[in-house]
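A.B. asks: Mapping to the working numbering: the sequence shown position 19 is 19, numbers consecutive.
If you're looking for bench data, these hints aren't it; they were derived computationally from the structure. Watch out, some of these pointers could steer you wrong.
[To be verified] Here are the simulated DSS-like cross-link-like pairs (lysine-lysine), alpha carbons at most 25 Å apart as the crow flies:
#, residue 1, residue 2
1, K34, K53
2, K21, K48
3, K17, K53
4, K17, K48
5, K34, K24
6, K5, K17
7, K35, K5
8, K34, K48
9, K5, K34
10, K5, K48
11, K17, K34
12, K24, K35
13, K24, K53
14, K24, K48
15, K21, K53
16, K21, K34
17, K21, K35
18, K35, K48
19, K53, K5
20, K35, K17
Note that the coordinates shown come from a computational prediction; the quantities given were computed from them, not determined experimentally.
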Amino acid sequence: MDVEKITTILLENDFVKISNKSRKFEQGSIIYSKKIEDNLFLLFVILKDKKPKDIHAFIARFDRFESIGVEEPGEIMFYLLISTNEDFHYFEKYLTVSNLG
Numbered sequence: 001m002d003v004e005k006i007t008t009i010l011l012e013n014d015f016v017k018i019s020n021k022s023r024k025f026e027q028g029s030i031i032y033s034k035k036i037e038d039n040l041f042l043l044f045v046i047l048k049d050k051k052p053k054d055i056h057a058f059i060a061r062f063d064r065f066e067s068i069g070v071e072e073p074g075e076i077m078f079y080l081l082i083s084t085n086e087d088f089h090y091f092e093k094y095l096t097v098s099n100l101g
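Model the full assembly from the supplied sequences, consistent with the hints where possible.
C.D. replies: Now the structure itself:
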């Protein structure tokens, strides 16, 4: 799975890169976040030392954007582990379809 390609896609789709400082993921992990609606965010987390690089996707509630990567989410509504090329294929299709609307 091409993690570099995924990070490029996220940044091209207005995700913000955030350094993780919370205890939920290992220090040095990178979080890509995008606001969905008030206090609700779509997060993609790439763990620092995991091999192969798995990506954890969440829809989570935070009090404010600045809390992401610092505090635990108030609520997690959705979770997906992207760990295979097939998962990556569905991830690409989702971003393509979501950009049409």
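A.B. asks: Take a quick look at whether K21 and K34 sit within 25 Å of each other, Cα to Cα.
C.D. replies: OK: K21 and K34 at ~18 Å, within 25 Å.
A.B. asks: Straight-line Cα separation of K21 and K53 no greater than 25 Å?
C.D. replies: Given pair K21, K53 holds - Cα atoms ~19 Å apart, limit 25 Å.
A.B. asks: Given the hint that K24 pairs with K48, does the C-alpha gap stay at or below 25 Å?
C.D. replies: holds (13 Å)
A.B. asks: Please verify whether K5 and K17 have alpha carbons no more than 25 Å apart.
C.D. replies: Distance of about 15 Å is within 25 Å: holds.
A.B. asks: Hey, K24 versus K53, does the alpha-carbon distance stay inside 25 Å?
C.D. replies: holds (17 Å)
A.B. asks: Hey, K35 versus K17, does the alpha-carbon distance stay inside 25 Å?
C.D. replies: The hint holds at about 12 Å.
A.B. asks: Given the hinted pair K35 and K48, is their alpha-carbon gap at most 25 Å?
C.D. replies: With Cα atoms ~23 Å apart, K35 and K48 stay inside 25 Å; holds.
A.B. asks: Decide if the proposed pair is consistent with the structure: K21 and K48, CA atoms, cutoff 25 Å inclusive.
C.D. replies: OK: K21 and K48 at ~12 Å, within 25 Å.
A.B. asks: Given the hint that K5 pairs with K34, does the C-alpha gap stay at or below 25 Å?
C.D. replies: Holds, because 18 Å separates the two Cα atoms, which is no more than 25 Å.
A.B. asks: Hey, K24 versus K35, does the alpha-carbon distance stay inside 25 Å?
C.D. replies: holds (20 Å)
A.B. asks: Within 25 Å, alpha carbon to alpha carbon, are K34 and K48?
C.D. replies: holds (20 Å)
A.B. asks: Holds or violated: K34 and K24, Cα atoms, limit 25 Å.
C.D. replies: With Cα atoms ~19 Å apart, K34 and K24 stay inside 25 Å; holds.
Checked against the numbered hints given earlier, the structure satisfies every one of them.
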